[in-house]
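**Student:** Chain by chain, the residues run as shown.
Number of protein chains: 2
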Amino acid sequence: MGKPVRRKETRRIQLGSVPIGGGALVVVQSMTNTDTRDVKKTIAQIRRLERAGCEVVRVAVRDEESAKSLGFIKKAISIPLVADIHFDHRLALMAIDQGVEGIRINPGNMDFPRIREVVRAARERGTVIRVGVNAGSLEKALWHKYQGPTAQALVESALNHVKRIEDLGWTKMKISVKSSCVPTMIEAYRKLASVTDYPLHLGVTEAGTLIRATVKSAIGLGVLLFEGIGDTIRVSVTGSPLQEIPVAFHILRTLGIREVGPEIVSCPTCGRCEIDVPGLAKKVERRLSGFKDYMKIAIMGCVVNGPGEAKEADIGIAGGRGMGLLFKHGAIIGKVKEEEMLETLIREVYHMKREREAKR
Amino acid sequence: MGKPVRRKETRRIQLGSVPIGGGALVVVQSMTNTDTRDVKKTIAQIRRLERAGCEVVRVAVRDEESAKSLGFIKKAISIPLVADIHFDHRLALMAIDQGVEGIRINPGNMDFPRIREVVRAARERGTVIRVGVNAGSLEKALWHKYQGPTAQALVESALNHVKRIEDLGWTKMKISVKSSCVPTMIEAYRKLASVTDYPLHLGVTEAGTLIRATVKSAIGLGVLLFEGIGDTIRVSVTGSPLQEIPVAFHILRTLGIREVGPEIVSCPTCGRCEIDVPGLAKKVERRLSGFKDYMKIAIMGCVVNGPGEAKEADIGIAGGRGMGLLFKHGAIIGKVKEEEMLETLIREVYHMKREREAKR
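If you read the sequences in order, they're chains A and B.
Just so we're aligned: the first sequence equals residues 935 to 1294 in this note's numbering.
Just so we're aligned: the second sequence equals residues 935 to 1294 in this note's numbering.
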């Protein structure tokens, strides 16, 4: 692994049980796409998100009925709940009253005089406020000033609101400046990080369906996280939010920022490949889908890079003709037939997990 | 879109019909995973790759029979062919003799004295040489010197070979220093770019199955391309190489480096969503899968960011209750019922394409 990322120092805020910023782990968030009024469905989706590893969840609050559901939802889940509010500041007041850990307000569609009351209520209850700017809903005045949602416009919108909330004596805030344009989003967060020490929530918004969203989020979040910017992240995918969580953790793991779950190194396979690498890699992924420990596993098809990669991994297979060499911590520990590779790898993974636990 | 990426200046080489470096377009490569001896299957896969947009293709040459297939393969395809050679320099000589546009040699497994003949043959035929270092097959001496495949070790391996090839009077080269560890790979290419002006071929190697590989490649290639580093790229995916091409183009499009194909901006959907955004987005993607022109299309589910994003797009839909506003170049041009959205969008896309063509 290369040099560890040196994270930019931010102030620490506490979102319910989850610390954000100030050297805390980068937190993975998601957002439900159920109708928030449907308490049962919303709770079920949040529980699935929790099991997938989601650490903070946001729900859309579009009307009073949604706001009134928040208390019930909160009681049934174990991760902090954030209410996403647009246009109507009274919904924010209701959400705070229902005890949510955080609210997200959008400077683009809530005039400041309206949210004065909201800030007072948040201060009384200790509720975190995310000032969440979005290129698609930038306030008109800034849109005209900058002739569109430029990075500078997004930052100015966020800082204006942050300043006003501070003036009312409340600083439990985090900030986001999302855009569907990755270069704009990167530029905006870099500017923001250079002028504020509030924790930053990163996201590429409206990123599209799974592969497109994965590319855009990996680049946007990846560039920033690699520079040490970002305290909490969300990968937005059009479709089920459950798809977002593994992508978020893959991004963090790739940069060595959080070592969660198995890193599976497998070759693209070429004309040299002598075992079924794709089949084996997919099976190993499936069998280890709930596995939370970090472990580097190499599944390689031939003798070119196979032994080298397998040697660098915690556990590795380097394939030959229907056979493979099994590596553990850089040493060959045996030969395995192709049909026994899956079970052998899984057995070795759990064996290593037990060895590590015994050493603690 | 943010500021355009300023690309680092490299020298230009010509790989058959495809220019690489020196301000040329960033070229998208892939590699077959068929048995190269099976000429028919290999040609069929390359043709599918060509149709998907692949611009240079590499094939593994592991024995004489594979090497002898190269001439037949070359005649049947329209993109430059690169022979991937390890261990045996005689296969490189045979590949050059068969007229391939490029060969890739691996300093980790071909001693320099052995490739003297190869360089002479390449020089005579005008064959491009890629000096392709890979962390998994780094030469033992450097592995020991650096205690593993560090960024510095990869760069030193590449530069040693480049220098020796130059000394033999041949400079039609490109260089790669791949690793399965993204921070290492980023560091290696940054170092390399600071000391050489040869065109660089970027790749994260052994990146894993589709989603993992997309994350790793998007971060590794994205960070470097955003800094202006990289003249040609490959996304490695465990499985069919056909999956690699759209990911490569999504990366280039995201950074505004190549405007190829439609950019589809669609919201993650939340409790506010009033139309079936995922369904519509997927259908639009499918219908436009062969569409090569750049066009920004927004498919948005509600009134929060919908009108803003739709306004910024070339063509956009902002959904309401079973209805949507249709935007074109920032202006509302009509209301559309949900069941007519797909056909309306597709019609408008082709209409805009014709308008553009008429203006040329």
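Quick caveat, the hints were computed from the structure, so don't treat them as lab data.
Mixed in with the good hints there might be a few duds.
Where chains are identical, the list cannot tell them apart; a pair therefore holds if satisfied intra-copy or between any two copies.
[Stated by the list, open to error] Mimicking DSBU-like on lysine-lysine, the simulated pairs with C-alpha atoms at most 30 Å apart in a straight line are:
no., residue 1, residue 2
1, 1216, 1287
2, 1269, 1009
3, 1125, 942
4, 1079, 974
5, 974, 1216
6, 937, 1125
7, 1074, 1271
8, 975, 1287
9, 1008, 974
10, 1079, 937
11, 1074, 1262
12, 1074, 974
13, 1106, 942
14, 937, 1271
15, 1079, 1230
16, 1074, 975
17, 1287, 974
18, 1002, 1287
19, 975, 942
20, 1009, 975
21, 1226, 1269
**Student:** All hints, please: hold or fail.
**Tutor:** Results for each hint:
1. 1216 x 1287: Result: close within a single copy only, 21 Å intra versus 40 Å inter.
2. 1269 x 1009: neither (53 Å within a copy, 42 Å between copies)
3. 1125 x 942: both (13 Å within a copy, 24 Å between copies)
4. 1079 x 974: neither (45 Å within a copy, 60 Å between copies)
5. 974 x 1216: between (33 Å within a copy, 28 Å between copies)
6. 937 x 1125: Both. Shortest intra-copy (24 Å) and inter-copy (14 Å) distances satisfy the 30 Å Cα cut-off.
7. 1074 x 1271: between (66 Å within a copy, 28 Å between copies)
8. 975 x 1287: neither (36 Å within a copy, 43 Å between copies)
9. 1008 x 974: within (12 Å within a copy, 60 Å between copies)
10. 1079 x 937: between (42 Å within a copy, 18 Å between copies)
11. 1074 x 1262: between (60 Å within a copy, 19 Å between copies)
12. 1074 x 974: Neither, since 38 Å and 60 Å both go past 30 Å.
13. 1106 x 942: Within one copy, since 18 Å is at most 30 Å while 42 Å is not.
14. 937 x 1271: Intra 37 Å, inter 54 Å, cutoff 30 Å: neither.
15. 1079 x 1230: So residue 1079 and residue 1230 pass the 30 Å test across copies only (23 Å; inside, 50 Å).
16. 1074 x 975: Classified as neither; 36 Å inside a copy, 57 Å across copies.
17. 1287 x 974: neither (37 Å within a copy, 46 Å between copies)
18. 1002 x 1287: neither (44 Å within a copy, 48 Å between copies)
19. 975 x 942: neither (38 Å within a copy, 52 Å between copies)
20. 1009 x 975: within (14 Å within a copy, 59 Å between copies)
21. 1226 x 1269: within (28 Å within a copy, 48 Å between copies)
Consistency note: the structure conflicts with the earlier hints numbered 2, 4, 8, 12, 14, 16, 17, 18, 19.
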